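Engineer: Next come the chains, spelled out residue by residue.
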Amino acid sequence: MSRFEDDLRTALRRKEPPPGFAERALARAAVERETLLERLLGLFRFPAVRWVCAAALLLMLLLGVRYQQARRARQEGEEARAKVLYALQVTGSKLQLVQQKLRQLEAERETQDSAEEDPATSGRKIL
Amino acid sequence: MKELARELSVPLPAEESAGWNDFASLVREHQAMVFSIGYHFLHDVSLAEELAQEVFLQLHRNLKSLKSPSHVKHWLRRVAGHRSIDFSRHRGSMPSVALDDVPEPAAAVVDGDPMLAGKLRKLVASLPPKARMVVILRYQEDLELEEIAAALGMPLGTVKSQLQRALATLREKAARSIGEVYP
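Respectively, the protein sequence lines represent chains R and E. For the first sequence, position 62 matches number 62 in my numbering, and the numbering has no gaps at all. For the second sequence, position 77 matches number 77 in my numbering, and the numbering has no gaps at all.
For the record, the hints were derived by calculation from the structure and aren't laboratory data. Being a predicted model, the structure only gives us computed values, none of them experimental. Do not rely on the hints blindly, as some may be mistaken.
[Stated by the list, open to error] Here are the computed lysine to any residue pairs in the SDA-like style, where the Cα-Cα straight-line distance is at most 20 Å:
| id | chain 1 | residue 1 | chain 2 | residue 2 |
| --- | --- | --- | --- | --- |
| 1 | E | Lys130 | R | Glu5 |
| 2 | E | Lys122 | R | Glu16 |
| 3 | E | Lys160 | R | Arg9 |
| 4 | E | Lys122 | R | Glu5 |
| 5 | E | Lys119 | R | Asp6 |
| 6 | E | Lys119 | R | Arg13 |
| 7 | E | Lys119 | R | Arg3 |
| 8 | E | Lys160 | R | Glu5 |
Given the sequences, and given the hints that come with them, work out the whole structure.
Structural biologist: What follows is the structure, encoded as structure tokens:
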């Protein structure tokens, strides 16, 4: 090692920081250690913050109630629609049954009519 | 034994290693190193203190991610080095106190000629930022070139050439301004 490097090493020897350095560093770290929650809670010291929070909570409550009402109305509407659809479906099937019955009766009547008409026709042919 | 174990990254016995990451102890143990890197680089006591405080605050934030005492030491050196370079970039806009205007910080006993040491420090301060940091890490921290390269994130070849150039410049300036002719 050269003399020059020795002199540099001596010149650049470590130095102690000014007194109280460690205490200041620890104090700064302690301030930062305060959690986010503690900082937020600390904000409640101010009346304005308390009022704003209360108003925000009230607003949220009102919006929640309004949302629930809207949801219930929509649900009721959907239930009513489903009921109407069911009723229509039932009515439709009943009508179909009635129609089927009518057709059946009509067919029977036609068969009877044709059976009644047959002897006369045959008699006339004989004559 | 504790110091040796730390240097070699050897885990200490449980009762000795307990609380190695205690922030207060780490500050007390490394304050001279971090402050001196800033002080030798910036040549300003208040800026060096500000820098060291910020480095320790950053350590406090990152303490959980550091795994061993030697890791902490390397981390502190690296962050102090980079922060010093960043500080010097913004120094133009900051009030600064000249080195001659402030008393020496509580300095360890300096062997040799204190005048010469002061002049050499001034010459080091006149070097370009990266070369200055290489010189500080080499002669203040006694780091090997590989360690300096790792700490500053520079290629080894660059560190070597920076150091050689810086030493040549310092020798030349020392001969001119101090009258010291180094072989």
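Engineer: All hints are to be evaluated individually against the structure, with a verdict given for each.
Structural biologist: These are the hints, each one checked on the structure:
| no. | hint | verdict |
| --- | --- | --- |
| 1 | E:Lys130 x R:Glu5 | holds (19 Å) |
| 2 | E:Lys122 x R:Glu16 | holds (19 Å) |
| 3 | E:Lys160 x R:Arg9 | holds (18 Å) |
| 4 | E:Lys122 x R:Glu5 | holds (15 Å) |
| 5 | E:Lys119 x R:Asp6 | holds (14 Å) |
| 6 | E:Lys119 x R:Arg13 | holds (14 Å) |
| 7 | E:Lys119 x R:Arg3 | holds (15 Å) |
| 8 | E:Lys160 x R:Glu5 | holds (15 Å) |
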